[in-house]
Amino acid sequence: MPGARPRSSSTLKVRYLVVAVLFALVASAVGLSVGPVHIPITGIVSDIAWRLGIGGHPLGPVDSVIVWTLRAPRVVLGLLVGGTLAVAGGAYQGVFRNPLADPYLLGIAAGAGLGATFAIVVIGGGADAPGVTPLFAFAGGLCAVALTWIVAGRGATGPTTLILAGVAVASVLAAIQTLLQQSSSLAVSHVYYWLLGSLAGATWGGILGVLPYMAVSVVVCIACARLLDVLSVGELESASLGLPVVVVRTVVIAAASLGAAAAVSAAGLIGFVGIVVPHAVRLMVGVSYRRILVLSLFGGAGFLVLADVLARTIITDVEVPIGVVTAILGVPFFVLVLHVRRLRLR
Amino acid sequence: MTAACEVSNLRIAVGDKSLLAGVEFSVEPGEWVTVIGPNGAGKTTLVQAIAGLRKFDSGSIQLSGRSLHGLSDRSRAGLVAFVPQTPVVPEGMSVYDYVLLGRVAHRSLLRAETPMDHSVVGEVLSRLDLHELADRGVQTLSGGERQMAVIARALVQESPLLVLDEPTTGLDLRHQLEVLEVVAQERRSRRIAVVATLHDLTLAGRFADRLCVLDGGRVVASGSVAEILTPETIRAHYGVVVRVVDVDGIPVVVPDPRTPR
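First to last, the protein sequences are chains A and B.
Each residue of the first sequence is one higher than the one before, counting from 795 in the working numbering.
Each residue of the second sequence is one higher than the one before, counting from 141 in the working numbering.
Think of the hints as simulated: they come from the structure by calculation, not from any bench.
Among these hints, one or two may not hold up.
Footprint (simulated), chain A over chain B, 3 or more residues, beta carbon under 8 Å [to be verified]:
no. : stretch
1   : 191-199
2   : 231-239
3   : 244-253
Note that CB positions come from ideal geometry on N, CA and C, so glycine has one too.
Whenever a hint applies, use it, and build me the whole structure from the sequences.
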């Protein structure tokens, strides 16, 4: 029948979105509540209500400082970094049509690592240089992607060349980084700590510094989600359908890299979020990037906040590097989703 | 009347190797021209160039009177739709969504699909008998069904020119006929011009208004089916001795069993 009901399975369903947002909210509540001092969620909600002038009771002064000065920036940074890395990873997977793509594919990790090491060794004289390290990490990450881009022939060549160029650039930068790091025995532990990633350094000022880049990145990637769906039929065919392939590829890579570099500069090298979250979302809701990217934003945000809660509580008085937690938490979850999906397909 | 496609003196070389050496070629609106020729003659290169998917070194290609040079990807997709030899099959995408991809050029890039897009897709799916399969994953379809989906995607582009590169590859006899018949029907009812490449000479003759023989990157013969499907022409360009048998007015090309190659 002409004009029959649209049967597209790529539109974002409201119930998926509600579940994803709820997940991020619950994770945030857990992040604010759980820690060496347990502060009940009801108390926090009541405090928020009191601040908004709609009833409720304020928290005690100590609890208030713990929640709003210590934990809240950390939770917010976790939401931002997790969401951005997941969206960037999903966008990379779409643009490269490669399920193994992650936000560090084009050398961001190695470049940011080199930038941070340079800041710690040369500028900080072996100690962390607050405010400077993130800046250098950010610049290093972006320079690495730019270098990969130029080495690969400015995007005119296919994605495979880009990936190979990324591998080459990352290897060289990682080598230089190691060399620099070895030159200062003082710096090793600081560099190492930075490389493993952490949300411990979260401040409201730092958050405001990275927020614009992350916002631009996420908005652009999600706006291009529809085009990533077109790209799934390959470069030649999407060009024949009217897609300016090189432009789309350039814009999406630039946007995803910007967000990933900002995330890395704020929280170090947190692995796995960018690859596991979009995949888990894909297995649950289907292959359309219109769903994957939006849901990954909230999924990644909630996931990283929960990972951070574990990182700071799993062992008393010691912080486990959050990258370790994302892997330990992420892999079993991923395997579970994979199997549930396979059983359902039978 | 402006030709749906007008190719003049088209040259494409890769390194020292010349793929197309000055091709002249044109297709009128509503006309079906099938390009035949031996492997390596440059058929795929030619049709990809016409579809705007291949840079050329010199010469010109005009689509409905507009030069391919300087056309945006979107405007070009409004003038020519392309069915590749081996389409990429995206995993997990439904037939409906796959066909809907063909509408991308009909709106600005970041816009959502309009009701018009959905209605065109719905109509084409019905015409091609694909509506039952709309919710199925493209990768679960049989070869014949899949090729229909690819053709549906090209048809929803609503371009005046449809370019098909070996559309019957890997299909059984019935599906070969079905695919070509659908294209023939669409062309008649919507006056679409068709450029196809085909290896099966009998099928080529049966479905085209005009045949065009490409050999060594040049158009070496062009004319009506009767003019081209002759033992002499085929022997000259394929190096095979054949007989052309008339079956109810349709020329059938059979390799001569008495002449060993």
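Consistency of the hints with the structure:
With 3 residues having a beta carbon nearer than 8 Å to a beta carbon of chain A, the stretch 191-199 of chain B meets the requirement of three or more and the stated coverage holds. Here the stretch 231-239 of chain B counts 7 residues with a CB under 8 Å from a CB of chain A, which clears the bar of 3, and the coverage holds. Requiring three or more residues with a Cβ within less than 8 Å of a Cβ of chain A, the coverage given for the stretch 244-253 of chain B holds, as 6 such residues are present.
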